[in-house]
Amino acid sequence: MASVTTNVAANVGRSSARGPKPRRVLSPRNIMLYGTLILMCLYYLLPLWVMMMTSLKGMPEIRIGNIFAPPVEITFEPWIKAWSSACTGLNCDGLSRGFWNSVQITVPSVIISIIVASVNGYALVNWKFKGSEVFFTILIFGSFIPYQIMLYPMVILLRELGLYGSLGGLVLVHTIFGMPILTLLFRNYFSSLPEELFKAARVDGAGFWGIYLQIMLPMSLPMFVVALILQVTGIWNDFLFGVVFTKPEIYPMTVQLNNIVNSVQGVKEYNVNMAATMLTGLVPLFIYFASGKLFVRGIAAGAVKG
Amino acid sequence: MRERPFFHPDRGAGCYWGKSMASAPKGMRLFRNLNAKIAALPMIFTTLVVFVGGTLWTVFYSFTDSKLLPRERFVGFDQYERLWGSSLWVTSIQNIMFFGAMSLVFTIVMGFVLAALMDQKIRFEDTFRTIMLYPFALSFVVTGLVWQWILNPDLGIQHVVREMGWTTFNFDPMNNPDTVLYGLLIAGLWQGTGFTMVLMLSGLRGIDEDIWKAVKVDGIPTWKAYLFVIIPMMRPVFITVLVLAAAGIIRLYDLVVAQTSGGPGISSQVPAMYVYRYMFSAQNLGQGFAASTMMLLSVLIVLIPWAYLEFGGKKRG
Amino acid sequence: MTNSIEVKDLTLNFGAVSVLKNMNLDVAEGEFVVLLGPSGCGKSTLLNCLAGLLDITDGQIFIKGKNVTWAEPSERGIGMVFQSYALYPQMTVRGNMSFGLKNARVPKDEIERRVARAAEILQLEPLLDRKPAALSGGQRQRVAIGRALVRDVDVFLFDEPLSNLDAKLRSELRVEIKRLHSRLKNTMVYVTHDQIEALTLADRIAVMRGGIIQQLAAPQEIYNRPSNLFVAGFIGSPSMNFLHGATVDNGKAFQFGETKIDLAGYEGGAILERSKAILGLRPEHLTIQDQAEAGKTISAIVEIDEPMGADSLVWLLANGTQMSVRVPVERRLELGKKVHLKVDITKASIFDKVTEQRV
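Those protein sequences? They're chains A, B and C, same order as listed.
Quick note: my numbering has the first sequence finishing at residue 306, numbered continuously throughout.
Quick note: my numbering has the second sequence finishing at residue 317, numbered continuously throughout.
Quick note: my numbering has the third sequence finishing at residue 359, numbered continuously throughout.
Source of the hints: derived by calculation from the structure; they are not laboratory data.
The structure displayed is predicted, hence computed values, not measured ones.
Note that beta-carbon positions come from the ideal geometry of N, C-alpha and C, so glycine has one too.
Treat the hints with care, as some may be off.
[Said to hold, decoys possible] Cross-link-like lysine to aspartate or glutamate pairs, in silico, EDC-like; alpha carbons within 20 Å at most: (1) C:Lys102 to C:Glu75; (2) A:Lys293 to B:Asp119; (3) B:Lys37 to C:Glu72; (4) C:Lys131 to A:Glu196; (5) A:Lys268 to B:Asp172.
[Said to hold, decoys possible] Label-pair ranges, simulated between beta-carbon atoms: (6) B:Phe124 to C:Glu306: 57 to 63 Å; (7) A:Leu217 to C:Lys353: 56 to 62 Å; (8) C:Gly309 to B:Asp208: 35 to 41 Å; (9) A:Ser96 to B:Phe98: 38 to 44 Å; (10) A:Asn91 to B:Pro236: 46 to 52 Å; (11) B:Pro236 to A:Phe224: 23 to 29 Å.
[To be verified] Partner residues are not named here, just some residues of chain C that face chain A (Cβ under 8 Å, in silico): (12) Phe82; (13) Ser84; (14) Tyr88; (15) Pro89.
Using the sequences and the hints given, assemble the complete structure.
As structure tokens, this is what we get:
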């Protein structure tokens, strides 16, 4: 306190130091600060730029030119080829197949996994039963265990269910392995809601599903959006489960992309490769830019321990 | 004022505490809140059958000589001896340890420095954050392929710099067994540091404003405040980052497959690739199980001390 | 009169912790019972057990003669009002009040009739189509009461309904609840830690501590004849003065230091001689005077004088014990002065030091 008053007194004494503190835009501190940040941003932006530029060039221009330079002549040929006629092995119908496969995998996986996990979270908070905390603890531990150790048992399980190699099987896999993080997300959210609300609904005669659908669901729509973002990007970007649990005709986009780009046959068409890479990245990028801070909230919520 | 300081706030009517149930009809206990129990079946199935059951199953069969199909012919630790005798596995382990150590150090340092810079009440914070975080939304496959292209010696950065007249410039990490891991590191950091930054930033923002006021009144320079006051206060955030990053590193798979396919030679192989190879293409399940058990073991080495520190110290409830 | 609520040997354990111990409680029809106690005494827990929101470990609960020990909350014929109001945020006031009726499949016109009636009683008509977020705290709590009202039940449970309101609103709603009770004549069980609410509202108060009902009696009885030291100390503000001493002369007098106080006229049982006893005197049952009277006064030194508007509180030191006395506000006392406190023994309480029970 004392130092504040002396400062005020000193400022009153000097007529020159009146009014708002002068702001120097180009102070050494600001140059260092913004310089570093901008430099780092170049590192982050560079690949996106290169990807974009390469995908819009013809192969001759790529061979003689500079990967950072914008195209002299813009061509969308690589995009069209990547989408509709790039080859993986014997199939030459481009990434479109993988795209639609990914859509067919992602949509049901996202919906089912969110429904299951939100009900889990709700049951864990409001309808605890003997051992429910134990299951939750195992679930959280399970999210850290390397998937590799559960891969083969999962293969056997799917085979027994007749789902191995099918879309349904992959949906089940995504529902199971997405469960820990999503359940944690919903459990934390539901436990932040006042418990008296739940009690009031019980007195009002609503049952397990009634409270879930009529009280909890309408109150947690933002959380559902967060979960949606998390799951769409997560499942779209999956590679390992796609490779292990599906067969080539229904490979998701990421697997197909890798097969197109890293195929050893033929001449490497870098522009087509980059167009294919861009195409695969578009869905999560769109989600990312459209969702803004909700994406940040989602990944942060997923990271915070229960 | 709620009155439940000494017992666990229980949030539902369906909890059964204690064992005595003198006046309760026994059958009713089981069927009360039946819906809740039915709804929890997927979770119970996942935890018991897949997580616990699957893990035990794999560990169990890692002691057999299963080849194409799992079979119960026990060979003791033979699979593990073979595993550690295999140069492919030993290289994979060396790679993941080197990559992991580098990646942890850089992730934490870069993530924290970026977060500290972002915390200086800068303008365009949202823009900066959006740029730093977008790679995190992408697939590892996309990341791997882009960097494979940028680091391409004939047409990528090396080529561009040489074109600029510096003809002896050498930057070809991807084709040199000694440096290929740095190539992976550049890509991995590109994708992951934004996330670390966000976590660190939320940690910084969680620090009481009054601490900063006290630091200012005491006249402590900013860098000193960060080093001696703020970082020690952010211990939980650092631990979270460390655990998440470590768990991610042990799983590292897609990035390597896409960017280097484990090459040149076997110089960028990682354990997850070894597991995949033996389980799904080399038809030697026993080896795959043993390798994945080793992966589990390494996670437990990280996880158990952490869980002990986080949850073991304080009593539940 | 029949009992509206009967609790028989109710026990509740949370793990190894016993929260409610072998509790018995009968509430008559139309009675207003307040459960009063400090935090952690089990009063809210008991209410939750009555409502069926907590499963009890042992015992039985009857509401209107029906065994509801294992019945669902909605089947018990109760309405409940919560501290945090617990209004469904996405529903309008009307929606909040009719949610329970819809769940019970009450016909539409009947729902409307009941909501209209409750709205009229609580003056909520202009707010019926608003969402809870657009209401003030007092309005929200009235809606919460309305939600219990429309259920047309005989038993209302209140879980600290006024604790989240500021002092002024609290006293307004307190009056409103009292008016509601006299109009509807329902059975009400009301949990609070505020003794003013308890004293003003209750037909009977159950003072609880450690999961046990310490005393269940009418407010005046509890105030004047607290059954034990805890109840005596908990009820009344400022607290009852406790003088530690002994009963002597075959129970005819109380020895407090050098002073002997005559116990003739004490309302209670046989006093007997006790080597250790406590004399409890409320601040308003003492008067300050200048002259000593043998066997009737205690001498004390004035320490602090606290004028409180309507009256004034004087803190004194008597034989090493701090005491408070309520005096008319005009009466100003000189600090450090020696005065004499006249004891009204008919309003006093004597407790055994060991058992802490009133004798």
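Kindly indicate which numbered hints from before are broken by the structure, ordering the numbers from low to high. Every hint satisfied by this model.
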